[in-house]
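Colleague: Protein chains in written order, with our numbering: chain F, 1 to 265; chain H, 1001 to 1293; chain W, 2001 to 2363.
Careful: at least some of the hints might be erroneous.
[Unchecked claim] These stretches of chain H come out as covered by chain F in the derived footprint (C-beta under 8 Å, 3 or more residues):
#, stretch
1, 1172–1185
2, 1230–1241
[Stated by the list, open to error] Partial chain F-side listing against chain W, Cβ under 10 Å, derived:
#, residue
3, 60
4, 61
5, 165
6, 243
7, 247
None of these hints come from the bench; they were simulated from the model.
Built from N, CA and C at the ideal position, the CB exists for glycine as well.
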Amino acid sequence: MRAALIPRALFALYLLAFFVYLFAPLAIMGAATFNDSRFPTVTPWRGTTLKWFEELWADRAMWRSLGTSMIVAAGVVAVALPAGTAAALVLTSLNARARGFLYALMVSPLLTPGVVIGIATLVLWRQLGVGGGVVLIVLAQSSFVIAYVMLMVAARLQRFDRAQEEAALGLGASKFMVFRRVLLPFLRPALIAAGFIAFLQSVENYNTTLFVRGLDTPLTVYIATKVRTGLTPAVNALGLILIVATVLGAAAFEVARRRRARNEG
Amino acid sequence: MRELFDRFGAGLGALFAALVAVWLAGLVLAPNLMMIDFALRPNLPPSALGGPEDGWTMGNIAYLAGEPVHRAIFFKTVWASALVTALTFVVCYPLAFWLAQRASPNQVALAILALTIPFWINEVLRTLAWYIILAYRGPLNEALMGLGLLSAPVRWFGDGGVLAGMVYAYILFMLFPIYNAIESLEKAQIEAARDLGASTARIHARIVIPHAKAGVATGCVFTFMLAAGSYVAPSLLGSPGSRWFTEIIYNWFFEGGDWNRGAAYALVLLVLCLAVVLLTLKLFRVNLADVAK
Amino acid sequence: MSQSVALIDVGMTFGAARAVGGVSFTVPGGEFFSILGPSGCGKTTILRMIAGFLEPTEGRVEIGGRDMAGLGPNQRPTAMIFQSLALFPLMSVRDNIAFGLEARGVDRKTRRAKADALLALIALEGYGERMPGELSGGQRQRVAIARALAVEPEVLLLDEPLSALDLKLRQHMRAELRALQRRTGVTFIYITHDQSEALAMSDRVAVMSAGVLQQVATPEALYANPATPFVAGFVGENNAFQGVVVDMGEGMAALDTRAGRLTGRAGPGLARGAMATLYVRPEALSADPGRRDADGNAVRATVERLDFEGAFALLHARREDGAPLVVSTPGARLAETPQPGAAALFGFSARDAVALPGAPDHA
Chain F
1 MRAALIPRAL FALYLLAFFV YLFAPLAIMG AATFNDSRFP TVTPWRGTTL KWFEELWADR
61 AMWRSLGTSM IVAAGVVAVA LPAGTAAALV LTSLNARARG FLYALMVSPL LTPGVVIGIA
121 TLVLWRQLGV GGGVVLIVLA QSSFVIAYVM LMVAARLQRF DRAQEEAALG LGASKFMVFR
181 RVLLPFLRPA LIAAGFIAFL QSVENYNTTL FVRGLDTPLT VYIATKVRTG LTPAVNALGL
241 ILIVATVLGA AAFEVARRRR ARNEG
Chain H
1001 MRELFDRFGA GLGALFAALV AVWLAGLVLA PNLMMIDFAL RPNLPPSALG GPEDGWTMGN
1061 IAYLAGEPVH RAIFFKTVWA SALVTALTFV VCYPLAFWLA QRASPNQVAL AILALTIPFW
1121 INEVLRTLAW YIILAYRGPL NEALMGLGLL SAPVRWFGDG GVLAGMVYAY ILFMLFPIYN
1181 AIESLEKAQI EAARDLGAST ARIHARIVIP HAKAGVATGC VFTFMLAAGS YVAPSLLGSP
1241 GSRWFTEIIY NWFFEGGDWN RGAAYALVLL VLCLAVVLLT LKLFRVNLAD VAK
Chain W
2001 MSQSVALIDV GMTFGAARAV GGVSFTVPGG EFFSILGPSG CGKTTILRMI AGFLEPTEGR
2061 VEIGGRDMAG LGPNQRPTAM IFQSLALFPL MSVRDNIAFG LEARGVDRKT RRAKADALLA
2121 LIALEGYGER MPGELSGGQR QRVAIARALA VEPEVLLLDE PLSALDLKLR QHMRAELRAL
2181 QRRTGVTFIY ITHDQSEALA MSDRVAVMSA GVLQQVATPE ALYANPATPF VAGFVGENNA
2241 FQGVVVDMGE GMAALDTRAG RLTGRAGPGL ARGAMATLYV RPEALSADPG RRDADGNAVR
2301 ATVERLDFEG AFALLHARRE DGAPLVVSTP GARLAETPQP GAAALFGFSA RDAVALPGAP
2361 DHA
């Protein structure tokens, strides 16, 4: 037992260092929001203030970019949910070989670097006469967000008892009614989760968005530009708000998921 | 395909098939094919389009091979991405092992929750956090000087900063596949090995890692690809001496005005990632089906 | 009166495998009809062909005299109860029951009323708002039945509905299903591998093995007059004596077996000089010399084990040719039966034995 103490102490140190490494940047970024220093930092501490929040609130470019991000995210969710669901359903209806091939094709956007997706989209639509902008961002992001939705819906679909569909048919339901009243309600939890994920993926995407944005500025691009051209802790304030919102959202999501899992038995 | 229409009827079946076709053909295949097409064509003014010079050529790629600065940056990116992958692996492996085999379920739940939080925040903000830490007069330097480890502040921006920021960004992508893979290893095997007198190093090398090789392969592949294709970390945390391949690509599009060349460079990046994927799969003797997210 | 179901020369081939072949039978309207057989015999395939989930590759299915070819499950006058019940977990019990009505476009008020009436029929009033996950196995059974009855089917198809229930519940549900069928007059087609279940509930039973229809008859006829070796061995217990037919006449046959010359009723397809098997039920054998037949049917065997089961006792003995012999005797007569270790002569009446061509079917 004694011999194991040294590695154990070492491991404890490793764990500590790991989690400090993980959280220190966020903690410092959050703390810097309250420091009265034009360059975001915690050293030296020039005094506690809330003025950066005010600067953020007054920043109209920020609000515009937030709006752009919301519109793009809404578009992506609207496109990705139906397409991803369709993809999952089509996959289950194929024989093993076709399924393997199609699956690889569907998952390929997830294995492609974001910049490549952005460039490929930009280049294609330029030939068709469409330039960068919100529509192109939606198209580019959708190419891989649909894959995420497909994976989530497919996982849920695997647990579906097909006998329910047969029972419904046997009772006289049309195939559309079977889909609408039996399969879709079953998929609902996965669709909600997938919509949530799709929204987040869209808002936080940068690499792909960078190439297809044209003259529009979603939030991530706005932040990156601000960092390089006019960095003040107002950006930190934005970051802090987003962190808190995300943590609360994730917590709420987790609570809801646990409650639903308990109810479904 | 018939099963699709049998199950959902003609209307819904056609709708689903159409959606998938539009996605795969229009949003996945067509853009990539067009990019390849662009990559292989020279950058011509509108008047020369359709003329004698408008054909496929390896010219753009040859340019990359010939241009010393870009070539150097390309290889530097590859080498640095591999370094990031290796570092991330070393950083993550002990934790992945501990989570999979030693930690109690409560500890696992807590740890996973703690790990996921930074990743709910987008990478620009995360990189910004490092930007603040690594600043010349920033907290890291102040802390190190305060502890007496440094006599003067260090300029972290550059290779070191980019490395630190990237490892930070890709921890989760390395951790989870390995954790999942190790979790399926029955504890009894490790105990049996220890009982037979094997050292810790041997246990890991000969039992744990071979079992988890699909997870290790997945983690390494994803980390490498993300690193090679990364944009934010190199551009925010880098210095002129640590430029990244993606930055050159960006410049070709939005500063150099040569989309063809930019597409060619992007194609090279894509081929690089594909090669890494296939190489890793072959090296680890894993097939694509095992690399499930 | 409910409609009849007819299968005419029905066959089903999946790829290279022939699951079912040459099956023909007719179920008159209002009958409780069972299809009995071991797993893999093709009974589920037949049920699914009647329901419309499969189209036969040969022959045709008629319901009420109409050819059902090309009609999907939602277009046939049938309703099916699945082995897993397949209740809709996200709908309430009432919505489950009313589903078929909803599919027919019945308005909400009428649907509710009908569903409530059915809930009363299955003795689950007040359970309308519950979810299927909250019910016990037996209750879910009844909801599945109510759901099927709600669409007023001409034919109700039941796929081993009781196999997942425990013994007590199964026996209770057997009686309930039988009563329900009599009360509603709907044609029931019931598949099971449990022969006591089939015999107890049905008006007639079709016995199937390896995709081939063996015999269709009332339970009593199946028991007393099995038409094939498979039926003889599958329905109830039977002792089999293999031999050669040496004499035939007046509906009786004599076989020369290793246990001696034995006589019994002649089954279909017997021929003089051919190989045949004589089947004798355990309860037809007796060690009591006074009860033996003038035919002289007697088998010598050594008792190995006695299983006293209350109402009756099972003697397990070994014949001279090495094959086992099972004899059943009323529990009250236990004192008169030979004990383990004793050799005895067991006799039976020729009227209680059936001779069928071929060897015993051990499938």
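Colleague: Taking each numbered hint in turn, which are not upheld by the structure, reported in ascending numerical order?
Modeller: Of the numbered hints, 1, 3, 4, 6, 7 do not hold.
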